[in-house]
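Work the whole structure out from these sequences, hints included.
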Amino acid sequence: MINSLNIKNYRNLKELRINSLGRVNLITGKNNTGKSTILEAIALFASKGDLALIFQFLSERGENFKQTENNKNSTDINIRSLSSLFTNRVISFDSEDAIIIGSNENTLFGEASSENSLSIRFVKYLDEIQRDNQGATITRKRTLLENDENGLVEIYKVGIEIRIGKSYRIIPIEEDKSYRFGFKGISSNENYQFIRTRNIDKEINGNLFDNIALTEKELFIIDALKIIEPTTERIAFIGENSRERTAVIKLANVATPLPLRSMGDGVNRILTIILALVNSDNGFLLLDEFENGLHHTVQEKLWNVIFKLAQSLKIQVFVTTHSEDCISGYENVLNNPENKLDGKLIRLDNINGEIHQVEFNANELKIATDLNIETR
Amino acid sequence: MRVKEKHNQKLLLEGNDDQHVIWALCDKYSITESFDVIDCEGITKLVDQIPIRFKQSNIETVGIIIDADADIKKRWISLKSALELLGFDLPIDIPLEGLIAKNKNVTIGVWIMPNNNLNGMLEDFMSFLVPEDDKLLPIVTSTLNDIEAKKLNSYPLIHKSKAIIHTWLSWQEDPGTPMDLCITKRYLNTNEQTCEKLINWLNNLFNAK
Chain A
1 MINSLNIKNY RNLKELRINS LGRVNLITGK NNTGKSTILE AIALFASKGD
51 LALIFQFLSE RGENFKQTEN NKNSTDINIR SLSSLFTNRV ISFDSEDAII
101 IGSNENTLFG EASSENSLSI RFVKYLDEIQ RDNQGATITR KRTLLENDEN
151 GLVEIYKVGI EIRIGKSYRI IPIEEDKSYR FGFKGISSNE NYQFIRTRNI
201 DKEINGNLFD NIALTEKELF IIDALKIIEP TTERIAFIGE NSRERTAVIK
251 LANVATPLPL RSMGDGVNRI LTIILALVNS DNGFLLLDEF ENGLHHTVQE
301 KLWNVIFKLA QSLKIQVFVT THSEDCISGY ENVLNNPENK LDGKLIRLDN
351 INGEIHQVEF NANELKIATD LNIETR
Chain B
1001 MRVKEKHNQK LLLEGNDDQH VIWALCDKYS ITESFDVIDC EGITKLVDQI
1051 PIRFKQSNIE TVGIIIDADA DIKKRWISLK SALELLGFDL PIDIPLEGLI
1101 AKNKNVTIGV WIMPNNNLNG MLEDFMSFLV PEDDKLLPIV TSTLNDIEAK
1151 KLNSYPLIHK SKAIIHTWLS WQEDPGTPMD LCITKRYLNT NEQTCEKLIN
1201 WLNNLFNAK
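Just so you know, the sequences run in chain order A and B. Note that our numbering numbers the first sequence so that position 112 is 112, with each residue one more than the last. Convert by adding 1000 to the 1-based position in the second sequence; the result is the number in our numbering.
The hints are simulated quantities; they were obtained by calculation from the structure and are not laboratory data. None of these values were measured; they are calculated from a predicted model. Each residue gets a CB set at the ideal place from its N, CA and C atoms; glycine is no exception. Some clues are possibly wrong.
Heads up, simulated DSSO-like pairs for lysine-lysine below, C-alpha to C-alpha not over 30 Å straight-line [what the hints assert, rightly or not]:
no.	chain 1	residue 1	chain 2	residue 2
1	B	Lys1073	B	Lys1162
2	B	Lys1135	B	Lys1006
3	B	Lys1006	A	Lys366
4	B	Lys1102	B	Lys1073
5	B	Lys1006	A	Lys30
6	B	Lys1162	A	Lys30
7	A	Lys14	B	Lys1102
8	A	Lys366	B	Lys1004
9	B	Lys1135	B	Lys1160
10	B	Lys1006	B	Lys1102
11	A	Lys184	A	Lys226
12	B	Lys1074	A	Lys366
13	B	Lys1006	B	Lys1197
14	A	Lys314	A	Lys166
15	A	Lys14	B	Lys1104
16	B	Lys1104	B	Lys1080
17	B	Lys1055	A	Lys30
18	A	Lys226	A	Lys166
19	A	Lys366	B	Lys1055
20	B	Lys1185	B	Lys1160
21	A	Lys366	B	Lys1104
22	A	Lys217	A	Lys184
23	B	Lys1004	A	Lys301
24	A	Lys14	B	Lys1055
25	B	Lys1055	A	Lys340
26	B	Lys1073	B	Lys1160
27	A	Lys314	A	Lys226
28	A	Lys366	B	Lys1045
29	B	Lys1102	A	Lys366
30	B	Lys1150	B	Lys1135
31	A	Lys30	B	Lys1104
32	B	Lys1045	A	Lys30
33	B	Lys1045	A	Lys301
34	A	Lys30	B	Lys1160
35	A	Lys340	B	Lys1045
36	A	Lys301	B	Lys1055
37	B	Lys1162	A	Lys366
The calculated label-pair distances, taken between Cβ atoms and stated as ranges, are [claimed, not checked]:
no.	chain 1	residue 1	chain 2	residue 2	range
38	B	Lys1102	A	Ser20	23 to 31 Å
39	A	Asn361	B	Asn1117	31 to 39 Å
40	B	Pro1051	A	Asn350	19 to 27 Å
Pasting the structure below:
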């Protein structure tokens, strides 16, 4: 769990500092303030800089550029793609322009990014290859070329450095992508699940169900589905091959199982969310646009389930929303005397192009909801 | 009365009566409606929501009108300390013409009824507006003094000004006219000095930009 969040130079988040976070956090704000970007940043942090994830994010935004007739220089194309991650698409070798994602720490010198922050930046490096007589590679070493403002060294390569504390890797970017996908981040990643707004039914993942089938977590799923379909008895994934399995649901008053997709958005959305939750023990659940497909009467019930599972499975939850119903459902559950978890509502404001955050604690949120004060 | 809020400027008031009186004054003086007039349903809820108002999206101005009640000094000091936590530098006493101050991003205004000087409430302010040569007001006052002497009054003495203004209103042409309508119907003299100060404060706070 992270108690605060510091994001620098990641997309439109030039410098964002959220001073305190709770176990279950709700992020709101107008379009283009960076709500989804925060979730992406936390996913990158949790994955410890997984390159496959970085390229997935680039592809989703149409920023994973491909070779064209006019430009076959793969280094250029890769630099252009990766620069999309940086604020104002700056291509810079200055460590001040590095992407930093992590929590804050109080040090002797004031607040700073904590040791385990993720940092991503462009670097210049020298490839030092030692070969034997036959020309086969014996050792291969990449040495960082720092502080070369005057451009004294003429022959260098451009790479991307992914760093956490003292551990770092320099990833060459002139090579083809299949090589890079092998890089799974610095040290083992933390458990997380990220639910995006797109492709809801594609995200219902049979493998996530297999992980928990026949455990008590299966019961969590049935209970959650009962929010929308009270006669739910069981669910399963069936199909001809393991790649294309679809969820089916057995209802009490219907003899044969029904395809879940026949049931409407709500049930499918709930299954997506709960499957992700029960697979994020001790990690993070990132959920973009909570209200998608959910009637407002269902939202508070779903918050209840999220809070309970976040507590029992020790998950830190980050959710974005535009919906007033979502916020008021969240507030009700957060301030319910039975709830033991801490929570924060964070609104992002775009003030002259800079993104600022406003934080509401549980008590402030209660006053705002009781007195009908708009927090969005 | 709850209103649909649509401005980045808010005027927070203790009650429904205050809200309607302000609306009537704005109407009469053609004050540009550049702010939401919000009935906070009591002093506690008003004070509770101040910090949250400052966190509202794009908030520019927060005006506050509260009653002095029995001790204007005490009222000001407690409000002042709440506002200082939000980064305002405020004077020891509230200025007679009402307070207007700025922090980094937001302008704040405070008016303490009736006139930033005396103890009392909205109804005391209203009684200032009774025309000077009015023949009924002295009779209202002596009647109330009389029933108080006989211990026949059910109202607590702190609410005497409420009893005075509502008694006076009930002796006008159309008994039962609420306070705000008396401004519209010209029973009351809104050219009075305190009233003009309040109008100036509202305009300076909300419409000076």
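Results of checking the hints against the structure:
{"no.": "1", "hint": "B:Lys1073 with B:Lys1162", "result": "holds (21 Å)"}
{"no.": "2", "hint": "B:Lys1135 with B:Lys1006", "result": "violated (43 Å)"}
{"no.": "3", "hint": "B:Lys1006 with A:Lys366", "result": "holds (22 Å)"}
{"no.": "4", "hint": "B:Lys1102 with B:Lys1073", "result": "holds (22 Å)"}
{"no.": "5", "hint": "B:Lys1006 with A:Lys30", "result": "holds (16 Å)"}
{"no.": "6", "hint": "B:Lys1162 with A:Lys30", "result": "violated (46 Å)"}
{"no.": "7", "hint": "A:Lys14 with B:Lys1102", "result": "holds (28 Å)"}
{"no.": "8", "hint": "A:Lys366 with B:Lys1004", "result": "holds (19 Å)"}
{"no.": "9", "hint": "B:Lys1135 with B:Lys1160", "result": "holds (19 Å)"}
{"no.": "10", "hint": "B:Lys1006 with B:Lys1102", "result": "holds (22 Å)"}
{"no.": "11", "hint": "A:Lys184 with A:Lys226", "result": "violated (38 Å)"}
{"no.": "12", "hint": "B:Lys1074 with A:Lys366", "result": "holds (28 Å)"}
{"no.": "13", "hint": "B:Lys1006 with B:Lys1197", "result": "holds (26 Å)"}
{"no.": "14", "hint": "A:Lys314 with A:Lys166", "result": "holds (28 Å)"}
{"no.": "15", "hint": "A:Lys14 with B:Lys1104", "result": "holds (21 Å)"}
{"no.": "16", "hint": "B:Lys1104 with B:Lys1080", "result": "holds (17 Å)"}
{"no.": "17", "hint": "B:Lys1055 with A:Lys30", "result": "holds (15 Å)"}
{"no.": "18", "hint": "A:Lys226 with A:Lys166", "result": "violated (48 Å)"}
{"no.": "19", "hint": "A:Lys366 with B:Lys1055", "result": "holds (14 Å)"}
{"no.": "20", "hint": "B:Lys1185 with B:Lys1160", "result": "holds (24 Å)"}
{"no.": "21", "hint": "A:Lys366 with B:Lys1104", "result": "holds (26 Å)"}
{"no.": "22", "hint": "A:Lys217 with A:Lys184", "result": "holds (28 Å)"}
{"no.": "23", "hint": "B:Lys1004 with A:Lys301", "result": "holds (28 Å)"}
{"no.": "24", "hint": "A:Lys14 with B:Lys1055", "result": "holds (21 Å)"}
{"no.": "25", "hint": "B:Lys1055 with A:Lys340", "result": "holds (26 Å)"}
{"no.": "26", "hint": "B:Lys1073 with B:Lys1160", "result": "holds (20 Å)"}
{"no.": "27", "hint": "A:Lys314 with A:Lys226", "result": "holds (23 Å)"}
{"no.": "28", "hint": "A:Lys366 with B:Lys1045", "result": "holds (12 Å)"}
{"no.": "29", "hint": "B:Lys1102 with A:Lys366", "result": "holds (27 Å)"}
{"no.": "30", "hint": "B:Lys1150 with B:Lys1135", "result": "holds (24 Å)"}
{"no.": "31", "hint": "A:Lys30 with B:Lys1104", "result": "holds (23 Å)"}
{"no.": "32", "hint": "B:Lys1045 with A:Lys30", "result": "holds (28 Å)"}
{"no.": "33", "hint": "B:Lys1045 with A:Lys301", "result": "holds (29 Å)"}
{"no.": "34", "hint": "A:Lys30 with B:Lys1160", "result": "violated (50 Å)"}
{"no.": "35", "hint": "A:Lys340 with B:Lys1045", "result": "holds (26 Å)"}
{"no.": "36", "hint": "A:Lys301 with B:Lys1055", "result": "holds (28 Å)"}
{"no.": "37", "hint": "B:Lys1162 with A:Lys366", "result": "violated (33 Å)"}
{"no.": "38", "hint": "B:Lys1102 with A:Ser20: 23 to 31 Å", "result": "holds (28 Å)"}
{"no.": "39", "hint": "A:Asn361 with B:Asn1117: 31 to 39 Å", "result": "holds (37 Å)"}
{"no.": "40", "hint": "B:Pro1051 with A:Asn350: 19 to 27 Å", "result": "holds (22 Å)"}
This entry does not satisfy hints 2, 6, 11, 18, 34 and 37, going by the numbered hints stated previously.
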